[in-house]
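Chains A and B, in that order, give the protein sequences.
Per the UniProt record's numbering: the first sequence = residues 1 to 491.
Per the UniProt record's numbering: the second sequence = residues 1 to 1028.
FYI, nobody ran anything at the bench for these hints, they're computed from the structure.
Honestly, I wouldn't trust all of these hints.
So the derived list for chain B, only partly shown, Cβ under 8 Å to chain A, looks like this [as the list claims (entries may be wrong)]:
{"no.": "1", "residue": "Ala277"}
{"no.": "2", "residue": "Pro295"}
{"no.": "3", "residue": "Gln507"}
{"no.": "4", "residue": "Asn579"}
{"no.": "5", "residue": "Ile586"}
{"no.": "6", "residue": "Ala590"}
{"no.": "7", "residue": "Ser618"}
{"no.": "8", "residue": "Tyr674"}
{"no.": "9", "residue": "Val686"}
{"no.": "10", "residue": "Ile739"}
{"no.": "11", "residue": "Tyr745"}
{"no.": "12", "residue": "Val749"}
{"no.": "13", "residue": "Glu939"}
Quick reminder that beta carbons are idealized off the backbone N, C-alpha and C, glycines included.
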Amino acid sequence: MQTICNTIRTKIVVAVGIGMLFLSCEGHLEDLYDNPNAVTNIDDSALFTKAVRSLFQGTADNGSSHFAGMHAHYYVAGSTWRAPDQYGDGHDQDYNSILNDGYSGSIRHIEEVLELTSTSSTPNNVRNALAHIIAVLGYAKVTDAFGDVPYTEGGKGKSQDILLPKYDTQESIYKDMIIRLTNSIAILKTADPAMAYPNSDPIYNNDLGKWVRFANSVRLRLAMRLRYADNDLSQSTVAQCLSDPLMESPEHDAFMIETEGTGNAWYTRRTGFPSIKMSTFLIDQLQSTNDPRLSVFVSQDANGEYSGIVNGLTDQAFGNSNFANLSDMGLALSSPESKLYVMTAAETWLLRAEAALAYDNDPAQANILYRKGIEISLKQWEVDDTEIIGFMASPTATLSGVNDEEQIGIQMWLALTPNYFEGWSHIRRTGYPVIPLRTSENLSAGATNGIMPSRFNYSSFELGSNSSNVQEAISRQGANKIDTPVWWDKN
Amino acid sequence: MNKLILILAVFGTIITAEAQKTISGRVLEKDTNTPLIGVSVLVKGTKKGTTTDFDGNYSLANIGDNDILEFSYIGYSTKEIAVTNQTTINVYMDINAEQIDEVVVTALNIQRDKESLGYSISQVSSEEVNVARENNIVNSLSGKVSGLQITQSNTGVDGSSRVLLRGITTINGNNRPLVVVDGIPISNSSGGASGSGGIDRGDALSDINPDDVESISVLKGAGAAAAYGSLGMNGVILVTTKSGIKKDGVGISFNSSFSFIDIALTPDLQNEYGAGAFGDFAPINANGRPVLDYPFSWSWGPKMEGQTYTNWLGRQDTYSPNPIKDPYQEFYQTGFALSNTLAFEGAGDKGSFRLAITDEDGQGIVSNNTLSKQTFNLRGSTKLTDGFSVDGKMTYITSKIKNRPQLAEGSGNTSLQLSLMPRDIRLDDVRNNTVNANGEEIKWNLDNTFNNPYWALENAGNVDKKDHFQGFISANWDIDNKFNITAKSSIDYIISDFTSYGATGAQAIENGLGSYRHDDNKSSIWNSDILGTYSTSISDFNIGLSLGANYRNEYSSDKNIWGNDAKVPNFYRIDNYKNSFSSENITKKAIYSYYALGQFSYKGYLYFDATVRNDNSSALPQANNSYWYHSENMSLLFTKLLGINSSILSTGKLRGSFAKVGNDTNPYRTQAVYNIDQTVTLPYTVASISGSLPSFDLRPETSESWEIGADLGFLKNRITLDFTYYRTNTTDQIMAVPISGTTAYSSKVINAGEIENKGIEAQLNLIPFDSENFSWDLGFNFTKGNSKVITLNEGLESISLGSLWTASVEARPGQEFGTIYGNDFLRDNFGRKIIGDDGLAKRGDRIALGNINPDWYGGFTSKIRFKNFTLSSLISAQVGGEYYSYGRGYRLFFGTDARSLVGRESGIIEEGINEHTGFVNDSPTSAMLKQFTDIFSNEIATDLILDATNVKLREVALTFDLPRKMLKNTFIQSAALSAVGRNLLFLYNAAGDIDPEATYSSGPTSTAFEHSSLPSTRSYGMNLKINF
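With the rest of the complex left out, here is chain B:
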């Protein structure tokens, strides 16, 4: 244990030999001679001590020659110096890089030595999230931490991300890890649209400003998280933000990032056949325009060979391939993201403070999709007396996102429209013909699930404003050196204001009547904790005992108004709508808890932690609202125990953890109620009953998990390997089970079912080179996990976790969680397709066609430093896993997909056997009929299940640290300039032209479906950091 390695050094010369004297001196960082503030200086074996001031100076009176001074500071090797006859002791402390890695922030923000932990924890430093900056900080963690799976939705600026830590444990829960910022558990719900459309309003994680982050700890598994109660059931991501530290110079730092965002991947479209059906042009309507209904508005017309024809506007035109092959490149633009942070910080012996202001602006690839966000962050702490200190933080984030893009089947999904637009249509014509003389939208298709994309850009939009406050006040009282009390109260408070509108004149929007919506939401999470800790040591034992209580209160209030049928066009206030509606909804929930923590260690090589906790939740029936759980963690440093100190095996640790965690549910699921209907039709009171049946005897659900692992260090820790096996069984799951509609209800809340989630994680770090001018760090992480449905409710064969068109992702007993079901082709016993006399395949059974879970996933990081240059890169990989692409299905039967060229002229002979003769099918069918029949009429999903395997160059950053010599005579203390790129390219993508991460929502099973997503983007730009 490096922390305990004592390096003794004697400085200065013997002057006198007085009995009691005053010692003073200065503590500086070795090599740089930077003064260190707040270094603890203690007379060993006593309580006597002090800390260094702003300039690193200290002074201690009444010191004897035989005393030993102990200098300790996090991130540096502790030094002990015998006083002997010195009066001035200057100390140069060594940065202990290995030690920095080893001190980790754990539950309840307790800093612990990593060696003492019985569970797996990964820590990510600030540079890893604020150089190649992402709007949503969790995206920066993708590929960096084993067990952590991040999927960044393709939903415009400020979209939400799917976050899973060690996979899925509950059927109905959101399965997202708890995110705690400086001890404030923040709201963390997923976002996104549904298959039928909508927008993604983002998640609260995007409000964590990367520039304010000091470090991120990922606490995996329930064992790490029992201290947070049921909220921590899926693990915890602990974000610690910067608190003021003493810096060189005036303590001002500036961080600026600018990046471009452009299109990285679009579907392959054909450019040979235009509008029409069965190889012919569409018939011409009485109004002179072609029939714009299906199938004539598809791209199954004649080959485009320069013929004269009547185009979609009813004008004579030349029928020829599009000169610009990719409509996405033409429609979308290069977006940008700009952020500037200015921070002021300082610290003294009485306290510290940091004030930071961040301004972020951005524009997506959809031209009207913009982001503007400002973050004000104030953090300060002060010591009121030697034993009593207070710490506080206030963060205010205000953001405005305009025109979050419509997704999936939404009529305003520009990608859907562009991908299906007949290939002969020129985008210029679409842009220049959006509205006719009557104010009605002009489209190339009558279908009201489509808008003219340019019409949508101008006439349908939304504004999403959010004011977000986070803050805490905490007090810490060291009653004596053994007993300590901390109390903390924190709040996470969000006010959001969302308006959306659609102009009149579009069939897709209330049949041309126009619409308006305004939602107001307030939500708060208020957490208060009190924790008393007693620590002592008895011979070789170190013991820490804590008792704590927590009160958590969640509140949310929604007010919505909406209307249709505008009186005056292009005016968006509720008064302007002939039909208007409103609703309000309030939810409240409280949990109070008591917990006890115990930490025991023996001789620095055996550690044992235990937690007991009792939660009481208002969301459960009163008879069952109290539940207990516990966790036990053990860590054994066997190299230390056995005295192994070889240069081959440098450190070795075995760890194990067990936890039982209870969980409650959403409020109001245990009471039967009647809703009062808002209606103008009847002059009577009308009440209705919700389709979800309550349960009057709901019990808490229970999750039992254990993990074992080892941390090994070889060759003086130049090679480190962490390895963990985990298993979690969640039983008595609280879920709204879908029930037969013939009960007159759609679901019932019950306790049922069991999910088993297990896997292995490994992390390997190598330092092949490490010298003053050149170093190379390599990291590999690997995760293989699997969630299996052991049982569901008796008699229940399946729970649908989501569906798109006719594919669904389901939980079925005995199967992996997240199996994708859909219609297969009709097949004989040998798996051959059975083909009709018309040459078309037939619909067979609904079967399992794939699974959302990867076989394994991981990341590879490399950091090469040469003198002042650092090149870091990250490659992430997912192997296995499937998804259903309805976007591709649409493009295939609309005939725009490049794959739809197959058999256009010759027809397609399906592989299979004739249903009557049993001989190999030899009757051809037209490509159009095949695609339309298979995908649309027969709803066969088989060919639309794609392999999600991919390898992505996720991040590259080249940083140049300006040499100190260059800055010597300036007021700049340090500066670094980086060129960064994110999501640059696929090194391998099994699906070819679709991004497997291009989901339209971020729930646990969102990766099952892709539907005409916005093009995937990559970003590249510069980052500048300057310290004054």
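One chain only, chain A, in its complex shape:
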């Protein structure tokens, strides 16, 4: 009997003990639920700065530095980094990282800003309008790189839980991007700066006037990109752009200086391995025209000369090229504190020159705009005034009336430096400068029969993880190959 009582008493003690444990534990679990390493609420300005910064960092990303810069014949990288210059397509992992980088940087964060500024308890249409501009730049780059990409459903893994986004045609993407920019410009023209990002705008320090010029210039770039694909829309959009303020001088340029770690990414490319050497194609162009930007874009080699590397050499020819001793990238582009550009006034002037020729059939006006573009580009790179005057007097700085489109195209290619990705898109669209077909035995014809690649492939990971949507895009757009042109590429 005693034993049983003991047992019962002990059981009660245990039961009460366990009960107390339960109550204290339940509270304890709640305390541990929240992640102590991050916050659950934040002002969207912190995400806006992240998105903007990613956009600038993206101008030196894998797609730009490892592919576009070499496709557009600005330079050649050494060692195994050179493979894309041989027009090969065995770059599945790179294609995947380029697609991922395109979405995970500026798009991921700007989509969150769009969500927070439109649906949260405190909607803000000014911030929303600014975010749309950044979003357009983010999506424009991925569609220019791949062609059809997810757009209406893209980048919405968090905001709308879309894990298998549908692909949109490049045509529909471009049309919508132009509408978004138009809306943003309309809002920003009359907006109160206090409603924008007074303390977190890394580009214009909350100067909405400059933002309008920026957005409108981006709209002009997109409009001109449609020139051969949808001429009507291109022309009407250009007209609209000309009725709003555009970027006119370097103070309107959209640039950023990255100082983290070793600073500007091109600094690492110049000083690190595999190193980059500037192309014969670029040096010949600058040298033959006495272009003062030669010393800006290209460094002298050890002999005090400008010596370039030929693009597309076979392995054997490359081995004999004395690569290690050729000219590096210019210090103005590749010092730790060098600027990274997303859009410049020089590009804007040259777009206007092309538009004047194409849509107004006004060579005189085109020449004025063309010269302005060159002058502003020289100013952007802080070329001496005397040198500017000298170069502006040279035949290069005046449209000849014979090959005006090519002249504008070449100057645009130079002015886009170091935004090499845009340089590649520009050549794909206009065909200028003319990239020679690779027929020599010394040159690799790659997977494209010696023609400059037109796009990046959808990666096998994307083909596996978003299969039916990407297959639909391929059936619409053409084979998943690097020589399949994107929609706006008609040349």
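Fit chain B to the supplied structure of chain A, relying on the hints for placement.
Here is chain B on its own, set in the frame of chain A:
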């Protein structure tokens, strides 16, 4: 059941016939006359009893002539002796070898009779882990236990090991069994590098000191482990360490091991062609050195025939084969491992204690890779009253490992560099030319994924220090002979301090700027248990009921600082770096649980166990954070039930087990957060969102498993056979599913998918000879298991579980888990390669090329004892399974591999058909172009998939027990000297010159990839055990 076999014996003579008297006596081991301490002496049918003291003496008052005394002691046959008219009863107890095997340590450290268990369990004794000693104790289990698969990574001293028990059940989980040391669940995460480099910082299992181990129980399957909750989902390895026992002499024991470690296997390299490309030397640069970029820094130059040429340093030299063919033998050295353990122990009727100190030192085959580790272990228990006892343990392990080697694609991977170095280069030149006048590294290749191996040895390194505390306090209260309460609180606490550095001047290290890193980590697992047990017997039924509660708290805190751009060379403090960064991270998780256990047995032949458990985890959303599971185990001794007692079938048991186990996940996967970026670029707040999307409605994942098996003993148990079939289905798996990058995210945590894991295990033991002077034990174990992916998330075709270069190991619905995918050659419908006009094959589709899972694996053990000599050996075998060797790929296209000699002069005509004509290809291509195009440009993996089948002589130990006669007049009680060897050689290795275990990490799918691993090693040495 041997335990119940009663051997009655009567000693002494009748003296008187008093009614009540005092009985005293001594209990000794039969044959040796060693006094046995702590033997339970009980008056049968009463609670009256005592235990023997240090000298084996006991005394009991008020005993009647009709009483029966019961003497019981684990490991010995129980004796019952009728008192009759004796007053002195001396007892000689028989060692019951069979019984030792049968008492096993099970979940919650409950000692059970093996016969009563409904699930499969294997027990390994201390000799099996501390004679042929391994730094990481799990390596000693390799090949010894069916269902247990151990892969020892090739990552330098103190590397981690891949441990799988009955294969893989979860996609994202680490699939490692729970390791419990004396009831303390310890951290058990895998380690290692990635394909792009890094080091292996080892796993916590290497902190289990083999010399302190008493026994290891391997509890397979969830049925065995439900008592540990979800942690035991992949089975449990229970390690019981030595607690003090009374020994002969003064109770001091000494165990010393020394072994050499040397290179066992290296890749076959050619020694006929040196640096250059297309059969020519490299062009000479303006600086007088050859072009050191690819492809000229490869070994596709002219044949080495004593020509004069400009060598890699720009000096005129003779171009001739290397006099030392194997650069590995020249670069690496013979390492060693030394360990000494001194233990003091004793026990009395009030308690026991053991104090042990172990010192371990070692050096790997890389000369600067050293280990120094000390273990202090204190274990003690005492009886405060007859019914109340406390037990405790404190272990402190301090270790310092220097220069864990860089692996895989890491620039400091010395093996990668040695294997790719052009064959004309002399290692002496490399050693003597590491730095130029400007302080820059001198290399034979510009590529920044390479260092000069000697430069790396001197200028890049790391120090990994760890202080590890383990301890518990437990109390046991026998309220009466039916009701018992135990409470236990244990902690596993690790402080680690890791620094790594790279000097300035090497392109591979921050473009010459130099780097420094310092990581501080603290982690703890705190477990508290309370368990009440009530046991009773009602007629033929024995019933045990337990109620328990557990609280588990995990905490981890990391602080990291790193910097680059050194201000002053060769000075490694964060202040010395122009750019410095830091981060900190804290994770906490708690689980509290309640459980009930029931044990029922009927007449000693039918046993039934059941477990119910409820877990509540902070890692799951509050609405779903509570989950239940249960297990049922049954065991039937049919020979006893049917009264079979034949000499042919001696024992027979059928068992079955079912378990349903829930599982939670890592903390903080159910909440959307913003991280604050550390940046100096912008004067604004910058925040970012992680690429992994959380899930707000995560549910626990569920694993249902069952097993059936039989244990049969023939010819008086000279032949025993255990056989088990198991199947586990894990559903609602919690995993971070990789998602299309176009979502702007890389993965999302969801519940999805099902994996089915099933297999058979068998263990056969034979004792062909068993006599006083000669005995021979043979053991075979066999496991055939298979994990299949039944479903993944809808719309998801594949989850990549890891990748190297362009090969990946994947989970795809309908396929075996761990299928290796890679690019194949382009082929026609008949499987023939399609060859271009240039004679080169083309890239085809990405297909399944292999699978990491063996068809079966097993081990063969033999133990021969002749007088005082014992020879034990272990051979392990794996049949089937594949892996991808990027190391071989590298060596092939760099032209250093012996296989790259094929077609050097004549060219290679690929087997296949011409893409245009359809005729058999007859256009030759150069060997260099073929290797480079296939492997590098076209990323074709087919030829780099190797067969992992191998048979390895894993362990040989010859032990000589010094005869007692020799020790008679010394203070030494016993001594044994062993010569041991581990991983001695491959009896068969399908891949030839690569070790299939040479992985660079130890995760579940780590065996899929090999990349220029350190040479495999073997060890051989001596072990000495002395008891004073």
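Right, here's what the structure says about each hint:
Evaluation of the alanine 277 of chain B hint against chain A yields a held restraint, the C-beta minimum of about 6 Å falling below 8 Å. With 8 Å as the threshold, the beta carbon of proline 295 of chain B comes within range of chain A, its nearest partner Cβ sitting at about 5 Å, so the hint holds. Evaluation of the glutamine 507 of chain B hint against chain A yields a held restraint, the C-beta minimum of about 5 Å falling below 8 Å. The closest approach between the C-beta of asparagine 579 of chain B and any C-beta of chain A is roughly 5 Å, which is under the 8 Å cut-off, so the hint is satisfied.
The interface hint given for isoleucine 586 of chain B holds, since its Cβ lies 5 Å from the closest Cβ of chain A, which is under the 8 Å cut-off. Interface restraint check for alanine 590 of chain B: the shortest CB-CB distance to chain A comes to about 5 Å, inside 8 Å, so the restraint holds. Checking serine 618 of chain B against chain A: minimum C-beta separation of about 4 Å stays under 8 Å; hint holds. With its C-beta approaching chain A no nearer than about 4 Å, tyrosine 674 of chain B sits inside the 8 Å limit, and its interface hint holds.
Below 8 Å, beta-carbon pairs count as interface contacts, and valine 686 of chain B has one with chain A at about 5 Å; its hint therefore holds. With a least beta-carbon distance of about 5 Å to chain A, the hint placing isoleucine 739 of chain B at the interface is held under the 8 Å criterion. Proximity of tyrosine 745 of chain B to chain A holds as hinted, the smallest CB-CB distance being about 4 Å (cut-off 8 Å). With its C-beta approaching chain A no nearer than about 12 Å, valine 749 of chain B sits outside the 8 Å limit, and its interface hint is violated.
With a least beta-carbon distance of about 5 Å to chain A, the hint placing glutamate 939 of chain B at the interface is held under the 8 Å criterion.
Checked against the numbered hints above, the structure violates only hint 12.
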